[in-house]
Amino acid sequence: MTTASSEIDQKPAVTALRHKDLLGITDLTPEEIALVLDTAEAMKEVGTRPIKKVPALRGKTVVNLFFEPSTRTRTSFEIAEKRLSADTLNIAIGTSSVVKGETLADTALNLEAMSPDMIVLRHSSSGACHLLSRICRSAIINAGDGMHEHPTQALLDAFTIRERKKQLAGLKVAIIGDLLHSRVLRSNIQLLTKMGAKVCVCGPPTLIPTDVLRFGVSATSVVEDAVAEADVVMLLRIQLERMEGAYFPSLREYFRVFGMTEERLRLAKSDVMIMHPGPMNRGVEIASEVADGPYSVILDQVANGVAVRMAVLYLLAGGAEHEDAA
Amino acid sequence: MKTLLRGGRVVDPANGIDGSHDVLIDGDRIARVGRDLPVDGATVVDIPAGLVLCPGLIDMHVHLREPGQEHKETVATGAASAVAGGFTAVACMPNTAPVNDNANVTLLILAKAAEARLARVYPIGAVSKGSKGELLADIAELKQAGCVAITDDGHPVATALLLRRALEYAGMFGMPVIEHCEDPSLKGDGVAHEGFHAASLGLRGIPAAAEALGVERGVLLAELTGSAFHVAHMSARASLRAVRKGKEAGIRVTCEVAPHHFTLTDEALGAPIPYDTNVKMNPPLREAGDRDAMLAGIADGTVDVIATDHAPHHYDEKNVEFDRAPFGIVGLETAVSLSLDRLVHAGLIRLPRLIELLSTNPARILRIAGGSLSEGVPADITILAPDLRVRVQASALRSRSKNTPFDGWQLRGGVAATIVGGRTVFVNPDVSINL
Numbered sequence: 001m002t003t004a005s006s007e008i009d010q011k012p013a014v015t016a017l018r019h020k021d022l023l024g025i026t027d028l029t030p031e032e033i034a035l036v037l038d039t040a041e042a043m044k045e046v047g048t049r050p051i052k053k054v055p056a057l058r059g060k061t062v063v064n065l066f067f068e069p070s071t072r073t074r075t076s077f078e079i080a081e082k083r084l085s086a087d088t089l090n091i092a093i094g095t096s097s098v099v100k101g102e103t104l105a106d107t108a109l110n111l112e113a114m115s116p117d118m119i120v121l122r123h124s125s126s127g128a129c130h131l132l133s134r135i136c137r138s139a140i141i142n143a144g145d146g147m148h149e150h151p152t153q154a155l156l157d158a159f160t161i162r163e164r165k166k167q168l169a170g171l172k173v174a175i176i177g178d179l180l181h182s183r184v185l186r187s188n189i190q191l192l193t194k195m196g197a198k199v200c201v202c203g204p205p206t207l208i209p210t211d212v213l214r215f216g217v218s219a220t221s222v223v224e225d226a227v228a229e230a231d232v233v234m235l236l237r238i239q240l241e242r243m244e245g246a247y248f249p250s251l252r253e254y255f256r257v258f259g260m261t262e263e264r265l266r267l268a269k270s271d272v273m274i275m276h277p278g279p280m281n282r283g284v285e286i287a288s289e290v291a292d293g294p295y296s297v298i299l300d301q302v303a304n305g306v307a308v309r310m311a312v313l314y315l316l317a318g319g320a321e322h323e324d325a326a
Numbered sequence: 327m328k329t330l331l332r333g334g335r336v337v338d339p340a341n342g343i344d345g346s347h348d349v350l351i352d353g354d355r356i357a358r359v360g361r362d363l364p365v366d367g368a369t370v371v372d373i374p375a376g377l378v379l380c381p382g383l384i385d386m387h388v389h390l391r392e393p394g395q396e397h398k399e400t401v402a403t404g405a406a407s408a409v410a411g412g413f414t415a416v417a418c419m420p421n422t423a424p425v426n427d428n429a430n431v432t433l434l435i436l437a438k439a440a441e442a443r444l445a446r447v448y449p450i451g452a453v454s455k456g457s458k459g460e461l462l463a464d465i466a467e468l469k470q471a472g473c474v475a476i477t478d479d480g481h482p483v484a485t486a487l488l489l490r491r492a493l494e495y496a497g498m499f500g501m502p503v504i505e506h507c508e509d510p511s512l513k514g515d516g517v518a519h520e521g522f523h524a525a526s527l528g529l530r531g532i533p534a535a536a537e538a539l540g541v542e543r544g545v546l547l548a549e550l551t552g553s554a555f556h557v558a559h560m561s562a563r564a565s566l567r568a569v570r571k572g573k574e575a576g577i578r579v580t581c582e583v584a585p586h587h588f589t590l591t592d593e594a595l596g597a598p599i600p601y602d603t604n605v606k607m608n609p610p611l612r613e614a615g616d617r618d619a620m621l622a623g624i625a626d627g628t629v630d631v632i633a634t635d636h637a638p639h640h641y642d643e644k645n646v647e648f649d650r651a652p653f654g655i656v657g658l659e660t661a662v663s664l665s666l667d668r669l670v671h672a673g674l675i676r677l678p679r680l681i682e683l684l685s686t687n688p689a690r691i692l693r694i695a696g697g698s699l700s701e702g703v704p705a706d707i708t709i710l711a712p713d714l715r716v717r718v719q720a721s722a723l724r725s726r727s728k729n730t731p732f733d734g735w736q737l738r739g740g741v742a743a744t745i746v747g748g749r750t751v752f753v754n755p756d757v758s759i760n761l
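First to last, the protein sequences are chains A and B.
Under this note's numbering, read the first sequence as residues 1 to 326, first letter to last.
Under this note's numbering, read the second sequence as residues 327 to 761, first letter to last.
If you're looking for bench data, these hints aren't it; they were derived computationally from the structure.
Please note that a few of the clues may not be correct.
To be verified - Beyond 10 angstroms from chain A on every Cβ pair, some chain B residues (computed):
#1 GLY394
#2 LEU488
#3 ALA672
#4 ARG738
To be verified - Here are the simulated distance ranges between beta carbons:
#5 B:LYS571 with A:GLU163: 53 to 63 angstroms
#6 B:GLU593 with A:GLY245: 26 to 36 angstroms
#7 B:ASP713 with A:ALA92: 51 to 61 angstroms
#8 A:LEU89 with B:LEU433: 49 to 59 angstroms
#9 A:LEU89 with B:ALA625: 54 to 64 angstroms
#10 B:ASP515 with A:GLU163: 51 to 61 angstroms
#11 A:GLY101 with B:GLU593: 26 to 36 angstroms
#12 A:ALA92 with B:ASP515: 16 to 26 angstroms
#13 B:ARG749 with A:ARG18: 50 to 60 angstroms
All C-beta atoms in this analysis are idealised placements derived from N, C-alpha and C, irrespective of residue type, glycine included.
Please take these sequences and the hints and turn them into a complete structure.
See the structure below:
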């Protein structure tokens with residue numbers, strides 16, 4: 001990867017993403033997805049240097065606007081921005097004027113008046129990024145909107161899979177857990193099917209979205225069938241607050257029927273990867289022996305998150321074209 | 327003072343009329359309808375070829391927001407919107423602030439309507455005090471003050487027992503109970519039709535069964551009580567099936583469909599504007615199979631009424647995250663164009679059937695004047711321009727609110743003029759007519 005890293009420093013001939021925003025994987029072509037993943041490889045090398053910084057976004061202002069609690073994603077974006085030399089600021093709910101009853105549109109317009117270049121938005125409402133995109137001149141990056149999409153998570157998942165398996169096409173990926181409320185699921189289905197992987201989703205029928213087969217996946221409530229011969233097993237978080245909706249009787253019963261144990265994992269391919277977008281509930285969707293076991297790449301996902309977000313920020317800012325202009 | 331409307335096509339299904347006739351208005355009443363009526367001192371208005379005279383259209387489901395939410399709409403602006411949309415009368419829902427559950431609110435609405443002197447306004451009272459679903463409102467008082475029906479619209483009547491009592495009690499006055507059919511637990515915190523589009527956009531779903539369950543409940547209770555039950559804003563094919571079965575069994579059930587439910591589907595959630603809050607309404611836009619069922623019900627006679635569920639909301643209220651936006655869209659000024667374009671010009675129904683849906687049947691269900699051009703009735707007349715090319719312009723709507731998903735739509739068919747009690751209250755500047 002030394003050549004790639006020197007390319008970054010030397011304003012390489014990469015093509016930029018021809019989008020103002022990154023609202024979801026839905027809007028990306030397979031070529032654009034490949035471009036982000038390729039760029040992320042070069043970005044990953046930056047993180048191995050003694051001085052982990054390149055000047056790509058020098059003079060650019062990036063606002064991390066988080067209306068939902070997030071440690072992993074917000075930290076990951078912030079590190080990515082700093083490694084690209086952007087000026088960053090973080091606005092989290094509770095410190096913002098939202099508590100005073102300001103609308104999202106007004107918050108966005110006020111930020112916009114201070115001319116940021118990018119806004120990274122995390123919000124509990126599906127479509128919140130689309131609303132901002134219509135209002136703002138700044139590039140909007142979706143860091144998770146409601147139950148809709150979490151595109152950088154899917155990109156870092158794909159990057160992590162590709163690192164191990166070399167390609168995505170032809171792989172069997174089992175995604176197991178709370179499918180209904182998961183933005184990670186929706187982004188991952190989009191990305192994996194676009195790149196030619198076979199996706200099998202699995203969960204209790206109460207947590208499977210309507211018409212899920214129209215997403216281009218297979219679906220089952222038999223976890224053994226989902227895991228069988230899988231190249232990748234991705235667990236989704238069971239949100240404890242969902243218990244009120246009576247989607248399933250108890251966490252104990254969930255683990256009994258769907259929990260990823262070493263025994264169930266033996267049905268998968270011998271070189272299976274275990275993934276989880278976090279935060280994990282040990283002993284609910286995943287046994288600790290599996291989370292901490294040899295097949296787990298859960299911490300690799302976190303590490304790769306920084307590189308992938310650097311790639312997204314860099315490409316949305318115009319990539320090499322921007323640097324030429326500067 | 328007499329006016330002779332000469333030479334238009336008159337469509338009056340209540341009297342079996344569809345042909346070139348003259349209409350003689352004497353003061354505020356219809357004097358005669360017939361061929362080649364003598365002028366006899368009347369002011370003559372020659373109706374240009376291609377225009378259609380019909381009994382004044384009646385929208386039996388609108389929200390006028392007054393009292394309490396005058397930033398969205400007032401009785402006066404709502405009435406102006408009505409006549410611009412060809413409606414000579416509207417029936418307004420009781421979910422105002424305060425709720426129309428007593429004569430004071432009813433009389434206020436009627437006073438505002440009289441002041442506006444545009445469309446006739448028929449208030450609909452609440453089933454329960456405060457629409458809280460606990461105690462029946464003073465229904466006799468509401469009736470006496472001028473209410474023509476009762477409903478807890480916005481929500482279903484809270485319990486089957488209360489709905490039963492309401493049907494029994496209102497039946498005494500010959501008032502129908504209009505029901506917003508929905509099982510609240512199934513609806514939950516849903517914001518869009520539960521189907522592929524909501525699932526892929528990550529929007530919480532409202533299953534069609536939530537509505538159909540409410541329809542089934544009402545039909546059973548209409549059978550039990552023998553009273554008249556009217557299904558508001560029907561959207562789901564399972565609801566239509568329940569209504570059809572009820573009618574076949576001789577149960578007194580009627581239903582209405584809104585233009586957006588026979589025009590749009592849940593595909594509109596994602597395109598052309600993703601998460602457009604102007605496609606958020608309750609009941610939600612359903613999938614194509616439901617929309618097609620509504621069209622089939624309109625064609626085969628199961629559907630009795632087209633009503634708009636005109637629900638004005640201020641721009642600020644709609645310019646928010648999809649799940650935080652209020653349900654509802656305005657409809658008074660687009661209903662005629664959508665109906666002519668999507669139903670008549672599409673070849674689904676003929677014009678007399680449309681007039682039944684928009685005038686004859688709502689008058690019959692609410693037992694109000696209008697719905698025909700019979701001699702001696704109030705001269706409420708809508709003049710349609712069925713071939714007029716209309717481009718919907720949200721900013722030009724007379725309604726105080728502009729929350730329509732049809733902005734920019736080009737439709738065939740519109741309103742030429744609206745006459746209420748012999749007075750011309752609206753003339754479309756795009757149509758040359760000498761009223």
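Verification of the supplied hints:
no. : hint                                       : verdict
1   : GLY394                                     : 20 angstroms, holds
2   : LEU488                                     : 26 angstroms, holds
3   : ALA672                                     : 28 angstroms, holds
4   : ARG738                                     : 31 angstroms, holds
5   : B:LYS571 with A:GLU163: 53 to 63 angstroms : 60 angstroms, holds
6   : B:GLU593 with A:GLY245: 26 to 36 angstroms : 27 angstroms, holds
7   : B:ASP713 with A:ALA92: 51 to 61 angstroms  : 58 angstroms, holds
8   : A:LEU89 with B:LEU433: 49 to 59 angstroms  : 57 angstroms, holds
9   : A:LEU89 with B:ALA625: 54 to 64 angstroms  : 59 angstroms, holds
10  : B:ASP515 with A:GLU163: 51 to 61 angstroms : 40 angstroms, violated
11  : A:GLY101 with B:GLU593: 26 to 36 angstroms : 34 angstroms, holds
12  : A:ALA92 with B:ASP515: 16 to 26 angstroms  : 25 angstroms, holds
13  : B:ARG749 with A:ARG18: 50 to 60 angstroms  : 59 angstroms, holds
Against the hints set out earlier in the document, a violation occurs for number 10 only.
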